[in-house]
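Enquirer: From first to last, the protein sequence lines are chains A and B.
Letter by letter, the first sequence follows residues 1 to 110 of this note's numbering.
Letter by letter, the second sequence follows residues 1 to 120 of this note's numbering.
Wrong hints could be hidden among the right ones.
[Stated by the list, open to error] Capping the alpha-carbon separation at 25 Å, the derived lysine-lysine pairs in DSS-like fashion look like this:
1. A:Lys-106 with B:Lys-65
2. A:Lys-106 with A:Lys-68
3. A:Lys-68 with A:Lys-47
4. B:Lys-65 with B:Lys-43
5. A:Lys-68 with B:Lys-65
6. A:Lys-55 with A:Lys-68
7. B:Lys-43 with A:Lys-44
8. A:Lys-55 with A:Lys-106
9. A:Lys-106 with A:Lys-47
[As the list claims (entries may be wrong)] Not the full set, but computed from the structure, chain A residues with beta-carbon under 7 Å of chain B:
10. Val-18
11. Thr-19
12. Phe-93
13. Gly-103
[As the list claims (entries may be wrong)] Label pairs and their computed distance ranges (CB to CB):
14. B:Gly-42 with A:Leu-110: 39 to 45 Å
15. A:Gln-81 with B:Ser-75: 41 to 47 Å
16. B:Thr-58 with A:Gly-15: 33 to 39 Å
17. B:Ser-75 with A:Pro-57: 37 to 43 Å
18. B:Ala-88 with A:Thr-76: 37 to 43 Å
Since the hints were made in silico from the structure, they are not lab data.
From the three backbone atoms N, C-alpha and C, an ideal C-beta is built for every residue, glycine too.
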Amino acid sequence: QSALTQPPSASGSPGQSVTISCTGTSSDVGGYNSVSWFQQHPGKAPKLLISEVSKRPSGVPDRFSGSKSGNTASLTVSGLQAEDEGDYYCSSFGGSGSLVFGGGTKLTVL
Amino acid sequence: EVQVLESGGGLVQPGGSLRLSCAASGFTFSSYSMTWVRQAPGKGLEWVSSISGAADYTFYADSVKGRFAISRDNSKNTLYLQMNNLRAEDTALYYCAKAVLVLKDGLDAWGQGTLVTVSS
Chain A
1 QSALTQPPSA SGSPGQSVTI SCTGTSSDVG GYNSVSWFQQ HPGKAPKLLI SEVSKRPSGV
61 PDRFSGSKSG NTASLTVSGL QAEDEGDYYC SSFGGSGSLV FGGGTKLTVL
Chain B
1 EVQVLESGGG LVQPGGSLRL SCAASGFTFS SYSMTWVRQA PGKGLEWVSS ISGAADYTFY
61 ADSVKGRFAI SRDNSKNTLY LQMNNLRAED TALYYCAKAV LVLKDGLDAW GQGTLVTVSS
């Protein structure tokens with residue numbers, strides 16, 4: 001149950017696109033199409049942005065998109081807006097009923 | 001509206017016990033897996049435990065296995081986490097989260113969390 005690897009920080013200017021990576025192993029990210037992405041603002045609960053690698057729940061803007069290649073998943077935020085600033089976490093099903101999270105990435109909108 | 005609301009957190013001494021509750025509303029509780037996730041102060045998210053809708057399967061992180069017990073009462077739409085032999089490293093905000101359907105599908109509804117502090 002080792003944590004997934006995310007870059008500690010990412011940044012971009014308003015209107016630009018930014019991609020956050022999430023690297024695991026063949027036992028989690030690479031083994032299942034069960035990667036989720038969450039957004040967390042300070043003092044708030046996490047919010048689901050993407051499930052099952054690329055599915056967007058209703059209400060989540062299509063500026064947020066997810067993908068996966070091998071053991072690495074990615075979240076792309078297009079058309080960056082000021083309100084996108086916050087912490088982003090990936091998670092993956094790890095088999096045997098387990099879930100593993102990434103360490104989180106702090107996104108700064110310049 | 002789907003809602004989950006945690007309660008039961010507080011200050012407890014090392015070695016002590018605490019029981020967290022999570023009251024759910026706005027969905028057919030028994031049809032969904034439920035999960036506890038914690039976040040230590042200033043740190044990232046950590047999966048703690050999950051339970052299937054019918055409570056026939058339970059799963060635990062290695063860090064809490066043998067000390068924590070997850071359960072649910074579908075007649076009361078309530079999820080529980082019994083925490084025993086608490087350690088300083090269990091200090092965290094504990095979130096209750098609803099699965100999209102089962103755990104592998106993602107967690108689509110989160111409460112605001114209940115704070116557990118383990119300290120003498």
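Enquirer: Against this structure, judge whether each hint is valid.
Expert: Verification of the supplied hints:
| no. | hint | result |
| --- | --- | --- |
| 1 | A:Lys-106 with B:Lys-65 | violated, 30 Å |
| 2 | A:Lys-106 with A:Lys-68 | holds, 20 Å |
| 3 | A:Lys-68 with A:Lys-47 | holds, 20 Å |
| 4 | B:Lys-65 with B:Lys-43 | holds, 21 Å |
| 5 | A:Lys-68 with B:Lys-65 | violated, 31 Å |
| 6 | A:Lys-55 with A:Lys-68 | holds, 12 Å |
| 7 | B:Lys-43 with A:Lys-44 | holds, 14 Å |
| 8 | A:Lys-55 with A:Lys-106 | holds, 22 Å |
| 9 | A:Lys-106 with A:Lys-47 | holds, 15 Å |
| 10 | Val-18 | violated, 19 Å |
| 11 | Thr-19 | violated, 19 Å |
| 12 | Phe-93 | holds, 4 Å |
| 13 | Gly-103 | holds, 5 Å |
| 14 | B:Gly-42 with A:Leu-110: 39 to 45 Å | violated, 23 Å |
| 15 | A:Gln-81 with B:Ser-75: 41 to 47 Å | holds, 44 Å |
| 16 | B:Thr-58 with A:Gly-15: 33 to 39 Å | violated, 47 Å |
| 17 | B:Ser-75 with A:Pro-57: 37 to 43 Å | violated, 29 Å |
| 18 | B:Ala-88 with A:Thr-76: 37 to 43 Å | holds, 39 Å |
Checked against the numbered hints above, the structure breaks hints 1, 5, 10, 11, 14, 16, 17 and satisfies the rest.
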